[in-house]
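Protein chains: 2
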Amino acid sequence: MNTPAHTAPPTRGPSDHDVRSQIVAAATEYFARYGYEKTTVSDLAKEIGFSKAYIYKFFESKQAIGEVICTNRLDDMRRAVDAAIADATSASDRFRRMFRAFVDAGTQLFFGDRKLYDIAATAALEPWPSVRAYERYVEELVVRIVREGRESGEFERKTPLDETANAICLVMKPYISPLLLQYNLDGAQDATVHLSNLVLRSLAP
Amino acid sequence: MNTPAHTAPPTRGPSDHDVRSQIVAAATEYFARYGYEKTTVSDLAKEIGFSKAYIYKFFESKQAIGEVICTNRLDDMRRAVDAAIADATSASDRFRRMFRAFVDAGTQLFFGDRKLYDIAATAALEPWPSVRAYERYVEELVVRIVREGRESGEFERKTPLDETANAICLVMKPYISPLLLQYNLDGAQDATVHLSNLVLRSLAP
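First to last, the protein sequences are chains G and A. The numbers in the numbering used here rise by one with no breaks, and the one at position 159 of the first sequence is 159. The numbers in the numbering used here rise by one with no breaks, and the one at position 132 of the second sequence is 132.
Just so you know, the hints here were simulated from the structure itself, not pulled from any lab data. Incorrect hints may appear among the rest.
Since the list gives no way to pick one copy over another, a pair counts as held whenever it fits inside one copy or between any two copies.
Said to hold, decoys possible - For lysine-lysine, the following DSS-like pairs were computed, each having C-alpha atoms within a straight-line distance of at most 30 Å:
no., residue 1, residue 2
1, Lys38, Lys52
2, Lys46, Lys115
3, Lys173, Lys115
4, Lys115, Lys52
5, Lys158, Lys52
6, Lys158, Lys173
7, Lys38, Lys115
8, Lys158, Lys62
9, Lys62, Lys52
10, Lys62, Lys173
11, Lys57, Lys173
12, Lys62, Lys46
Using the sequences and the hints, build the whole thing.
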């Protein structure tokens with residue numbers, strides 16, 4: 001995320017970091033109440049009691065604020081997934097836990113706050129840099145688990161690693177992308193169990 | 001689809017069948033131009049030169065007309081898929097052809113006429129009886145192909161047939177449902193090749 005260059009704040013005032021956090025916190029609350037798409041930087045400025053120009057000193061656009069919120073949420077999701085798979089006993093177990101954790105975290109973070117889903121949808125549709133980074137995280141995690149299973153002899157090694165990992169990401173995508181997950185929330189738990197079984201059968205040596 | 005009971009038309013006038021076809025043809029064109037959601041039965045009546053009451057003699061609602069259009073489109077898709085798989089040489093070949101045919105037909109029928117996508121989306125979201133029937137067709141086709149492959153020894157037989165078929169339908173769903181396909185059009189061809197490979201690996205004995 002790019003922020004415009006800005007001069008140092010007066011030493012007695014709040015630090016840049018504090019002001020940025022304050023804007024992000026207020027924006028998160030405001031977006032959650034009124035939706036991201038409908039809110040303007042002027043609305044936010046009025047709500048926080050700052051001038052629009054002052055906000056622009058810290059964020060070059062509404063999207064730049066949205067990007068920070070989105071990055072924070074996606075970081076929460078990564079932490080949830082990483083925690084869920086940390087003490088897995090095998091590559092298969094790690095794969096199952098990962099898939100379930102993505103769906104649990106996604107359901108909670110995208111749809112727990114229905115209005116904030118708005119940001120997730122916009123971010124996923126464009127997609128924003130934070131979303132691209134998250135997609136890379138998912139891909140790398142899948143590659144890591146497949147490689148682990150190949151090394152331990154749990155998974156077959158004939159199919160090119162890239163193809164295997166890509167196909168698995170495609171299977172998981174409807175349950176990871178908020179744009180698709182909204183249509184798959186019903187029965188997502190059972191679906192991911194059946195899909196995990198299918199993927200693991202496809203990985204059998 | 002339910003249509004209200006109606007009296008026989010005068011023998012010198014057009015037959016009921018002709019009037020129904022005329023309304024459906026005019027509605028298809030009108031929806032394609034202005035979108036399904038925005039069109040009212042009054043708009044259609046004006047366009048065709050019938051009274052609203054006369055249209056209601058044949059269709060109980062706008063949805064009833066939409067259902068006929070939707071059924072016609074889905075019948076076209078079934079025919080395209082059935083033709084594509086008719087001379088497959090094995091269950092694996094039939095599966096690959098089926099998946100590809102669904103994506104080709106769906107891309108063409110849902111997105112060739114972008115405005116008619118509107119009907120497909122509404123029909124899939126509710127879903128309409130024609131869509132439920134189509135989903136059953138997909139499920140039954142998958143069951144048939146899996147059973148064929150199990151009988152010929154191409155596919156494994158340990159996993160319950162229902163679970164296998166359900167998981168395969170879940171893998172294909174993002175490329176069959178128009179609501180999901182809209183987000184998966186880019187790279188759908190490559191995606192379905194990789195996914196077919198994955199599914200066939202999962203089916204290996």
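Here is what the structure says about each hint:
1. For a Cα distance limit of 30 Å, the shortest separation of lysine 38 from lysine 52 inside one copy, 17 Å, qualifies, whereas the shortest one across copies, 38 Å, does not.
2. Taking identical chains as interchangeable, the C-alpha atoms of lysine 46 and lysine 115 lie at most 30 Å apart only when both belong to the same chain, with a minimum of 20 Å there against 40 Å between chains.
3. In this assembly of identical chains, the alpha carbons of lysine 173 and lysine 115 lie at most 30 Å apart whether taken from the same copy (22 Å) or from different copies (27 Å).
4. Taking the closest pair of Cα atoms, lysine 115 and lysine 52 come within 30 Å of each other only inside a single copy of the chain (23 Å); across copies the shortest separation is 40 Å, beyond that limit.
5. Neither within a single protomer nor between protomers do lysine 158 and lysine 52 lie at most 30 Å apart by alpha-carbon distance, with minima of 58 Å and 65 Å respectively.
6. Within a single copy, lysine 158 and lysine 173 get their C-alpha atoms as close as 24 Å, and across copies as close as 27 Å, so both meet the 30 Å cut-off.
7. For the homomeric pair lysine 38 and lysine 115, the shortest alpha-carbon distances inside one copy (11 Å) and between copies (26 Å) are both at most 30 Å.
8. For a Cα distance limit of 30 Å, the shortest separation of lysine 158 from lysine 62 qualifies neither inside one copy, at 48 Å, nor across copies, at 54 Å.
9. For the homomeric pair lysine 62 and lysine 52, the shortest alpha-carbon distance inside one copy (11 Å) is at most 30 Å, but the shortest distance between copies (48 Å) is not.
10. For the identical chains of this complex, lysine 62 and lysine 173 are intra-copy neighbours only, at 27 Å inside a copy versus 35 Å across copies, given an alpha-carbon limit of 30 Å.
11. In the homo-oligomer, the alpha carbons of lysine 57 and lysine 173 never lie at most 30 Å apart, since the shortest distance is 37 Å inside one protomer and 46 Å across protomers.
12. Taking CA atoms no more than 30 Å apart as the test, lysine 62 paired with lysine 46 passes inside one copy only; the shortest distance there is 14 Å, against 45 Å between copies.
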